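Numbering (the numbering used here), first residue to last: 1 to 161.
Keep in mind that the hints were calculated from the coordinates and are not lab data. Check each hint, because a few of them may be wrong.
To be verified - Derived DEER-like restraints, expressed as beta-carbon distance ranges:
| id | residue 1 | residue 2 | range |
| --- | --- | --- | --- |
| 1 | A52 | F94 | 39 to 45 Å |
| 2 | A52 | A98 | 19 to 25 Å |
| 3 | T111 | L56 | 41 to 47 Å |
Said to hold, decoys possible - Simulated crosslink set (EDC-like; lysine to aspartate or glutamate; CA at most 20 Å straight-line):
| id | residue 1 | residue 2 |
| --- | --- | --- |
| 4 | K131 | E66 |
| 5 | K37 | D60 |
| 6 | K75 | D60 |
| 7 | K37 | E66 |
| 8 | K38 | E132 |
| 9 | K38 | D60 |
| 10 | K75 | E133 |
| 11 | K131 | E34 |
| 12 | K38 | D126 |
Keep in mind it's a predicted model, so treat the numbers as computed, not measured. Just so it is clear, CB atoms sit at the ideal spot from N, CA and C, and this is done for glycine as well.
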Amino acid sequence: MKLLKLTILPLLFLVSTLVLTSCEKTAEEKVQVEFSKKGIVLSAAQETPANASTALGFMDVFYSRETRFLTYTVKWSGLTAPPILMHIHGQAPFGFAAGVFQTILSAANPTLFPATGSYSGSLLIDGAAVKEENLLNGFYYMNIHTPLNPGGEIRGQITFN
1 MKLLKLTILP LLFLVSTLVL TSCEKTAEEK VQVEFSKKGI VLSAAQETPA
51 NASTALGFMD VFYSRETRFL TYTVKWSGLT APPILMHIHG QAPFGFAAGV
101 FQTILSAANP TLFPATGSYS GSLLIDGAAV KEENLLNGFY YMNIHTPLNP
151 GGEIRGQITF N
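All chains should be built: construct the whole structure from the sequences, respecting the hints.
Structure below.
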């Protein structure tokens, strides 16, 4: 009986170690391929420099490594006037300004949006101009400009955490 216990216990330990080790390797190999976040706030306080607007916006974002597209829906309300410009900018962390990567609304594209409204679109994360690593690290933002706030009335950083 003692011999049976001495043989079975080490064997059970060996099997459980192999199972746990193989599970860890599987978990390490698994790479996250989709990212999403709902309710990212766009506000005047996030603009660079901040302004006194009471307007608010909310953005939902989704990114797929498989398709390499960032898709987004932004809703805003309470702007001081209808927007004159809307962009995605990068590469800049919170509190810093950066160049435009995608123009949604511009003088060359004079689609009229109301002071309260919404827009959905997408951006190709091409790996050259717009890099996945920078997107996933929160270095892109959206802002909406109005005549009273030509530098941007509200802004929201695109983040996934």
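Check the structure against each numbered hint from earlier and tell me which ones fail, lowest number first. Result: hints 1, 3, 10 and 12 break, sorted rising.
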